[in-house]
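Chain by chain, the residues run as shown.
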Amino acid sequence: MTEEEKRKVVIPGEVIAKGDDYLPGEGTEKREKEIVAIKYGLIEEQDRLIKVIPLSGVYIPRRGNVVIGTVENITYYGWVMNIGASENAFIPVSEFPKYIDNEDLEEVISIGEVVVAKVLGITKRGIDLTMKSSGLGRVEEGIIIKINSNKVPRVIGKGGSMINLIKTETNTNITVGQNGIIWIKGSKIEEELLAKKAIVFVSEKSYIHGLTDKLKEWIEEQKKK
Amino acid sequence: MTTKEFKREDGRKLDETREIKAEVGIIPNADGSAMFAFGDTIAIAAVYGPRQMYPQHQKNPEKSVLRCNYSMLSFSVNDRIRPGPNRRSMEISKITEWALEPVLMIEQFPNMVIDVYIAILQANASTRCAGINAAAMALAHAGIPMKDLVSSVSIGKLDKHLVVDLNKKEEDYEEGEGATDMPFAFFSNEDKITLMQLDGNISTKQYKEAIELAKKACKKIYEVQKEALKKTIGEGD
Chain S
1 MTEEEKRKVV IPGEVIAKGD DYLPGEGTEK REKEIVAIKY GLIEEQDRLI KVIPLSGVYI
61 PRRGNVVIGT VENITYYGWV MNIGASENAF IPVSEFPKYI DNEDLEEVIS IGEVVVAKVL
121 GITKRGIDLT MKSSGLGRVE EGIIIKINSN KVPRVIGKGG SMINLIKTET NTNITVGQNG
181 IIWIKGSKIE EELLAKKAIV FVSEKSYIHG LTDKLKEWIE EQKKK
Chain P
1 MTTKEFKRED GRKLDETREI KAEVGIIPNA DGSAMFAFGD TIAIAAVYGP RQMYPQHQKN
61 PEKSVLRCNY SMLSFSVNDR IRPGPNRRSM EISKITEWAL EPVLMIEQFP NMVIDVYIAI
121 LQANASTRCA GINAAAMALA HAGIPMKDLV SSVSIGKLDK HLVVDLNKKE EDYEEGEGAT
181 DMPFAFFSNE DKITLMQLDG NISTKQYKEA IELAKKACKK IYEVQKEALK KTIGEGD
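Taken in sequence, the protein lines are chains S and P.
Sequential numbering of the first sequence, starting at 1, is according to our numbering.
Sequential numbering of the second sequence, starting at 1, is according to our numbering.
Here chain P stands alone, though its shape is the one from the complex (with noise of 0.2 Å):
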């Protein structure tokens, strides 16, 4: 099978997102928040601080504390998942703090912490790309110092080729060499990556063709972000 044969079975080019929706200051009782949506895959983030950090023990005097909390909401999927803590929202909770917390400049608040809190409401793969670009958009609007935005977007490979932003049905692709799920976080305007993950298999060479693929992808995210920080300036708080 070449290429120009190959289908993704909901019509998209190979290197075509779904559709991306953002939004911000969607919660008026929180200093931040954020909504960004890959096609069904919704994400919202709320964040609060600089504040007090409580339990005090886990306070850092040489700078503020990123804490992060995703979420998947008991009905973001079909068949109803157990709210609360599981294993894989507190892996996800701590690689969106390494995602998010380079681009922070948090060392004019020691002994403070910044809350993110990271709900999906609906989940068709990419939840923690969404929860990553929602988050950083969520930092911004509360007025933290950041030195750039970070976008995020899953790369997967379907058999042997490579394609840009997986959803469900194409992360449990069975043909060929099956599905390999890869998501990337890049600072904005700079060549820096935040994150990395790789769950499945892949040579070398195509994981550099990833990089750049999921590079290219990220600055058409990057403007949608732009876009929804620069017109929600003035509305309410």
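Isolated chain S (complex conformation) (with noise of 0.2 Å):
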């Protein structure tokens, strides 16, 4: 691999750029006229904001974001879920898209079983999820990989182009977390296999440019197989 093909790395404390022709953005901060890093991972500039993108640590949950987790726990007026973040997260009943008695919560969907939902908002008592729009619900079938969720975006690529190429070659249907928990469904056990290699294979290659490229040849070389 030749260095232009790597993107930069940056360690906490490290000056990215001097003077005032760029803005600090996330992962970074303004020291006198220079920005520093304060955070470990990959430079991203876009126009003149300069931004430090992490590729590890823990998921942070944010409002809106779709997550994928697994029921841990029933009580009378909802579902304790595991979605991977620090606590866990809560579907109440009211949040499910049909009515639904508080005595028959286990019908519906029993411990173990796995939940497409998304953050509806994060209070001092916990995360509250809903599962009250299009998309979201119990997951039937198909297979569950897990990645970093600070390498989702990455998975999903720009304006979804990564992740459309992923689903359009291999056959599949794939739902992404923002806590990196992915779905994929498809019509066979080998077209999902493939699709969980390419993901695996552009979490693994996240620091590379041009990635979209790389992994269409890569696709291509395993179809042939």
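Since the hints were derived computationally from the structure, they do not count as laboratory data.
Do not rely on the hints blindly, as some may be mistaken.
Claimed, not checked - Quick list of in silico lysine-lysine cross-link-like pairs, BS3-like style, CA-CA up to 25 Å:
#1 S:LYS188 <-> S:LYS216
#2 S:LYS33 <-> P:LYS219
#3 S:LYS33 <-> P:LYS192
#4 S:LYS51 <-> P:LYS231
#5 P:LYS192 <-> S:LYS30
#6 P:LYS21 <-> S:LYS8
#7 S:LYS205 <-> P:LYS230
#8 P:LYS63 <-> S:LYS51
#9 S:LYS8 <-> P:LYS231
#10 S:LYS214 <-> P:LYS231
#11 S:LYS158 <-> S:LYS8
Given two chains presented individually in distinct reference frames, assemble the corresponding complex, making use of the accompanying hints.
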């Protein structure tokens, strides 16, 4: 791999740029006339804005994130979900698209099942999720894989370019949770496994420029085998 | 005896550290992890969090709490040591917290805790410095916002001579004035000290010299830490 293909890695405290030509974005800080990284990750420049994209660390939920989690516990009022964040999340019965009697929660979704949900809000008491939206609901078949949540933007790509490529090439349906859990559903198990391999390929090589084209070549190669 | 005649028992120069090794991402289940070694002294660090704080009464509503746990494994020294916390390891855990906290920007995670577990696999003096270096790298690897990295080194005074990075034999040096052991930790890019300890006797003038010597050694250590972090990116999580 040549130097140009690699994106530049910075560590906390490292000076990224000097002078007033640049603006500090996420993961950076302005100290006098220098822009300094405060996180470990890759540099991304958008016009004058400099950002640091972290590639490791825990998932921090934000409002509106679509996440995939497993049911850990059932209470009278809803489901307690593990979404890989620092605390468990909660889906109240009222956030299920249909009316359910409080007694019948277990019949609808039982412990250990996987659910696609959206983060409704984060309060002092915890994370609230909802299932009232299209594309959300119980995962019935397919495979679930886990990657680091910080690599999700790379797997999706600019405007969904990367994930759409994988979807069309492998003929599968993929739902990416912002917490790094990915649900792949295809008609054949071979297609699902190829999609899984492709996602792992992207997440491992997330530091390379022009990864979409590389992925195309890689899939062609895999298909020939 | 003049400086020129003074020789260290392992043949190093006075301002030379032992061979430094560093690696990041060695513990797959941790959110961040790193290994740091000064010759035979090997430390590994694992970072978990920010995560929920238990017991809850230790929560801090203003910022996240840094909780360090330093432990020497029972096989790390020649005579087996009893595993588990003891007076010495509790002290070192606390000073590691104090050495690392100034660089962390943890106001964004109120009521949470960042756990740092440091294990000494093999000990030959300077374990706390190796532990701090490993922990600083592991914290960066865990994606925690930091103002800077921390680098740490121990300075010794053997008789009248200042030396960098003591080993066990030098720590037990008995000739002349005996041995003095001084661990230091610095911000890597700024001129700030986060750890300074002294075990023995030293004059004020020589102490100032020791600080300068430690700064120089820490620059070299920082380069190793930086390189280890940079080359690891992309290889797994």
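Hint check:
1. S:LYS188 <-> S:LYS216: Given that 25 Å is the threshold and the Cα spacing comes to 20 Å, the pair holds.
2. S:LYS33 <-> P:LYS219: holds, 23 Å
3. S:LYS33 <-> P:LYS192: holds, 20 Å
4. S:LYS51 <-> P:LYS231: holds, 20 Å
5. P:LYS192 <-> S:LYS30: holds, 19 Å
6. P:LYS21 <-> S:LYS8: holds, 23 Å
7. S:LYS205 <-> P:LYS230: Status holds; Cα separation ~14 Å.
8. P:LYS63 <-> S:LYS51: holds, 24 Å
9. S:LYS8 <-> P:LYS231: This hinted pair holds, its Cα atoms lying about 11 Å apart.
10. S:LYS214 <-> P:LYS231: holds, 21 Å
11. S:LYS158 <-> S:LYS8: Cα-Cα ~19 Å, so holds.
Hint violations for this structure: none, all hints satisfied.
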